[in-house]
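J.: The lines below spell out each chain.
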Amino acid sequence: MYPRWFLLPGAAIYAVLFIAPTFASFYFAFTRWSFFNVEFIGFDNFVTFFTDPQLSKAFVNTLIYGVLTSGFKVVLGLALGVLLTSNILARSYLRAVVFFPVLVSTVGVGITFQALMNPSHGAINHVLAFFGISGPGWLTDPNLALYSIIAVDIWKGVGLATLIYMAGLVSIPSEYYEAATVDGASGWKNFRYITLPLVSPATTTVIILSLIGGLRSFEIIWAMTGGGPGFSSDVLASVIYKQYAAGFYGLSTAGNVVLFVLVAAVIIPLFSWLNRKQVDL
Amino acid sequence: MYKSTRRYRSAVVVGLMIAATALTGCSAGGGGGGDDSSGPVTLTWFSGAGVAANTDTMKALAAAYHEKNPNVTIKVDASGPSGSPDIDNVIKTKLATGAMPDMFWYNSGSLLAALNPDQTMLNVKDEDFVKNLDPTFVTAVSSKDGVYGVPVQSAGGGGIFYNIPIYKKLGLDIPKTWDEFLANAKKIKDAGYDAVEQTYGDAWTSQVLTLADFYNINASDSDWAKKWTENKVNFADDPVALQSFTKLQDLKDGGFLNKDFASAKLDDGLKAIATGTAANYPMLGFAEATIVANFPEHAKDVGFFGIPGDSANSAGMTVWEPSALYAPKNTKHPAEVKNFMAFVASKAGCDTITKTLGVTGAYVVKGCTLPSDAPKIVADMLPYFDSGKIAPALEFLSPVKGPNLASITVEVGSGIRSGEAGAKAYDDDSKKQAQQLGLPGW
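Order-wise, the sequence lines are chains A and B. Under the numbering used here, the first residue of the first sequence is numbered -7, with each subsequent residue one higher. Under the numbering used here, the first residue of the second sequence is numbered 200, with each subsequent residue one higher.
No wet-lab data here; the hints were simulated from the structure. Every residue, glycine too, gets a C-beta built ideally from N, C-alpha and C. Possibly wrong hints are sitting among the right ones.
To be verified - The calculated lysine-lysine pairs, modelled on PhoX-like cross-linking and capped at a C-alpha distance of 25 Å, are:
{"#": "1", "chain 1": "B", "residue 1": "Lys554", "chain 2": "B", "residue 2": "Lys575"}
{"#": "2", "chain 1": "A", "residue 1": "Lys49", "chain 2": "B", "residue 2": "Lys451"}
{"#": "3", "chain 1": "B", "residue 1": "Lys623", "chain 2": "A", "residue 2": "Lys49"}
{"#": "4", "chain 1": "B", "residue 1": "Lys258", "chain 2": "B", "residue 2": "Lys531"}
{"#": "5", "chain 1": "B", "residue 1": "Lys330", "chain 2": "B", "residue 2": "Lys528"}
{"#": "6", "chain 1": "A", "residue 1": "Lys49", "chain 2": "B", "residue 2": "Lys630"}
{"#": "7", "chain 1": "B", "residue 1": "Lys575", "chain 2": "B", "residue 2": "Lys470"}
{"#": "8", "chain 1": "B", "residue 1": "Lys630", "chain 2": "B", "residue 2": "Lys425"}
{"#": "9", "chain 1": "A", "residue 1": "Lys181", "chain 2": "A", "residue 2": "Lys49"}
Claimed, not checked - Below, a sample of chain A positions facing chain B; criterion: calculated Cβ distance under 7 Å:
{"#": "10", "residue": "Gly129"}
{"#": "11", "residue": "Pro221"}
{"#": "12", "residue": "Gly222"}
{"#": "13", "residue": "Lys234"}
{"#": "14", "residue": "Ala237"}
{"#": "15", "residue": "Gly239"}
So here's chain A without its partners, still in its complex pose:
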């Protein structure tokens, strides 16, 4: 379609900024690296990474985080999408409100909720106390911290899922619904047998985007708990960051390779499976 020279600038940028660092990282993952000296140490970094006692916990946390945020964004996004494409009052305004948190800085949201969730002088526990409930330490209870962050992540990200679903919902031709209504289908049957199958391209997009986002999530966790208390809300990305900050550049690069492999191992099969399931309009 284009002459070769036309593709060159793009290819050059791609090679310098993407291909070269990717392959360099595969090399540095096998080294002990201090920016100045490089010593090749074989698989030692990977052995250290996988025998790290904190890591198994971070690994499980990463999966919990990815699956829960993705799952809730699908369910809530679809429900809100249906609501906001129907004929309701102030529809445009409500659409804007749902989407607004997506536009706010993630770190800003994290710091704000850190203050709101403070166990002794945060707004959330003050409101609960008004109703006579003694609120928990949202971010300080080691069993609860990860789930508090997940809830905030869902609140912040559901607007994007809703937007994608709204685009999918309005592209379903209304003839299907009219025909089904003539045949006597109920509202639930309309949803179950027309909306759900025909909106599946949007579902695929939402699952893939939010799962990738969830598995490599970092900013909101770092802003809210820094992986704490202790290591109880650490995920792969925060462990990698801490190793990088400690100056273990080779080790943290190895961690990034592991994260890359994990994301690829989850997403590629899932993507092809979801694509096979899709129905053509």
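Once you have looked at the hints, place chain B on chain A.
T.: Coordinates of chain B only, in the frame set by chain A:
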């Protein structure tokens, strides 16, 4: 025709934007000021934003120096992140990429060793002002090949801050052993006070008890730090060293902690110990300045003792060397920077710090004197210095310090992990640091 011209134009615009970004990338973080050494020079001094007293010190030193050397203006840039590991990361990255301003403030000891100073920092080994410094401090700012920093505050003890009115009211004595400390804590708790304040909202404060216990380890074996560097001893298997972690567990098990220990921050802890809602707070001497600044009416209500060990006879104190002023190797104004360092490491520098913060500990610069009206916390530290019952903290004797200690001590102090498991986790964590430094025996 028109369309293609427009495309061409936008391509040029994009090209210019890329070029502009690349150019700003090159100049970002430069020192600023002219290259001509005879003209006015501006030096930028970078630090983290964590502790207000540190920023005040920087500003006071900068102003005092400018008064004597009107040609040199020192700009204080305390815009770095406030806590570890973020500030460690920023410092390392700025040094490695050559983006560090003319000078920066950072810890001495093992954290300095992790910066690779021989390759990144300005060596001041042969300067006269180094001869003015205490040898223990010089070790803490040295590597194999050089000396890199001058002290920006004083050496202070780490131990227990205690509330004097509570101790008086309950008729308690300063504990000489850990068992006495726990017995006191029980009485304080029964009297309705928070026996021990902990502030894990600032995770680094959780390490203080463990780190300040090193005097007791050193008292049991004065070669311990050397053996630790050579991987011949560790915390999990040495019964004395293990106590540095189990003592933290004792506090949680005894129910001695303040209710909001998991979310409280340093300033909350200092308020509690000054105003008397809590009776004991493991803390480092530098925090004394914050108490005096924020609660001047309670400055005489807070005293200090070292972390008690097994034997009443050997009770002593762990000492923290001050943080230091360093410069990157690529500063454009090495002569001016060294001249400023000479000022900081002189009596005039010490006096400026005393005027700003009051007395917070013992200076490590020869010829510096302390005024006689030292506040109570510092006055309580001086007998330890005088009797020689002191040991530097482990991080000033060995480059091996695991980066995750704060998270591990938060776990032990919160009851998520036992003291034994915490000691083991810290040994494993330190192994990574030793391997990264390329030390033999690991």
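J.: Against each hint, give a clear statement of whether it holds in the structure.
T.: Checked hints:
A threshold of 25 Å between alpha carbons decides the hint, and for Lys554 (chain B) with Lys575 (chain B) the separation of about 17 Å falls inside it, so the pair holds. In summary, the hint linking Lys49 (chain A) to Lys451 (chain B) is supported, as the alpha carbons are separated by about 23 Å, within the 25 Å threshold. Straight-line distance between C-alpha atoms of Lys623 (chain B) and Lys49 (chain A) comes to about 17 Å, which keeps the hinted pair within the 25 Å bound. Only pairs whose Cα atoms come within 25 Å are accepted, and Lys258 (chain B) paired with Lys531 (chain B) is accepted, the gap being roughly 21 Å.
This hinted pair checks out: Lys330 (chain B) and Lys528 (chain B) have alpha carbons roughly 21 Å apart, not beyond 25 Å. Of the supplied pair hints, the one linking Lys49 (chain A) and Lys630 (chain B) holds, its CA atoms being roughly 20 Å apart against a limit of 25 Å. With a C-alpha separation of about 16 Å, the suggested pairing of Lys575 (chain B) with Lys470 (chain B) holds against the 25 Å cut-off. In summary, the hint linking Lys630 (chain B) to Lys425 (chain B) is supported, as the alpha carbons are separated by about 15 Å, within the 25 Å threshold.
A C-alpha spacing of about 43 Å is found between Lys181 (chain A) and Lys49 (chain A), which places the hinted pair above 25 Å, so the restraint is violated. Annotation: Gly129 (chain A) was flagged as interfacial toward chain B, and the flag holds, the nearest CB pair being 6 Å apart, inside 7 Å. At about 5 Å, the closest approach between the beta carbon of Pro221 (chain A) and any beta carbon in chain B falls short of 7 Å, and the interface hint on this residue holds. Using the Cβ-Cβ criterion of 7 Å, the hint placing Gly222 (chain A) at the interface with chain B is satisfied: the shortest such distance is roughly 3 Å.
Taking 7 Å as the C-beta contact cut-off toward chain B, the hint placing Lys234 (chain A) at the interface holds, the least distance being around 6 Å. The criterion of a C-beta within 7 Å of any C-beta in chain B is met by Ala237 (chain A), whose closest approach is roughly 4 Å, and the hint holds. Annotation: Gly239 (chain A) was flagged as interfacial toward chain B, and the flag holds, the nearest CB pair being 5 Å apart, inside 7 Å.
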